[in-house]
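Student: One-letter residues, chain by chain:
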Amino acid sequence: MALSRKVGFFEGLKYRGGGPMLAWILHRISGLGMVFFIGLHIVASHFTLDAGSDWAIALNTLYMSIYFQLFIYFCVLYHGLNGLRIIILDVWPKMLEYQKEATWLQWLVFIPTYGLTIFLMIQQFFAGE
Amino acid sequence: MTTRRVPHPGWNLEYLMWLFMRISGLAFFALAITGMFIALAQGARSQMGLGALMRWTFFPNPSHVQADVPDVDIGWRNGFWQAIEISILFFGGTHGLNGLRYVLEDYFTNPVVQLLFRSLIFILWVFLLVVAVFVVMGS
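In order, the protein sequence lines correspond to chains A and B.
Under our numbering, think of the first position of the first sequence as 1, with each following residue one higher.
Under our numbering, think of the first position of the second sequence as 1001, with each following residue one higher.
Note that these hints are calculated values from the structure, not bench results.
Check each hint, because a few of them may be wrong.
What the hints assert, rightly or not - Example chain A residues on the side facing chain B (calculated, C-beta under 10 Å, incomplete):
1. L32
2. V35
3. G52
4. N60
5. I66
6. Q69
7. G80
8. G83
9. L84
10. V91
11. L96
12. E97
13. L105
14. T117
15. Q123
Said to hold, decoys possible - Far from chain A by the CB rule (all over 10 Å, computed), these chain B residues:
16. F1020
17. R1022
18. I1038
19. I1074
20. L1097
21. N1110
Unchecked claim - From chain A, some residues computed to sit far from chain B (all C-beta separations above 12 Å):
22. P20
23. M21
24. L22
25. F36
26. D54
27. A58
28. M95
29. K100
30. E101
31. W107
32. L108
33. F110
34. A127
Yeah, the Cβ is synthetic: ideal placement off N, Cα and C, and Gly gets one too.
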């Protein structure tokens, strides 16, 4: 029997996949976030350099703001660490047995790295650098 | 009973892209670490804030550090960085748009729609890489 894939949106939300499912969904969100924002940033930079368009300069000024940097840093660091976990588990499939532990280990690396970085960035932001 | 056609194992697009996603993922780490260490060796520690160092690590473009460095022409703008930027763009653009294709093809199973999205993503890929090369050469 082929698997029925007609699952509604709210039924899908009730699916309790736990930590690995959160990793899967965050990987997608952070990946799409990077494609969208970095793609726009490249196009805006082109219009800034070659035409000096107002909208492009405004968009790139928004990018230089600390809020966007905190968001983009989350996307890059999470996507990078999760991707590294996926690569390691793909190369050594025997470790898949411990994928829950690997997901926890990943948070153990992510939280201090991200936390320390945003702490310093916010500190520098309030110091006016 | 309905069956689903799956590609045979071998050197097809899906396998090549699967391999590419892993290799480019590792390449980002190598390129980012290279950029960050050279920036630190060039005096980033005392010259720039963490935000600027981070922007430089993601993409070593002189405009990312222009506000922090006294003169970007000394060490921050040359052919070496342009080569690194072009590799990040090629790996990043392909990795990102292929990821977009994965997500779209998960939600749209109709082959005609999939072909439409593939064509659109291919056009977007070429467009983005051309624009990005202009930005790198012009900044």
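Student: Can you list which hints this structure breaks, lowest number first?
Tutor: 3, 11, 12, 13, 17, 20, 25, 34
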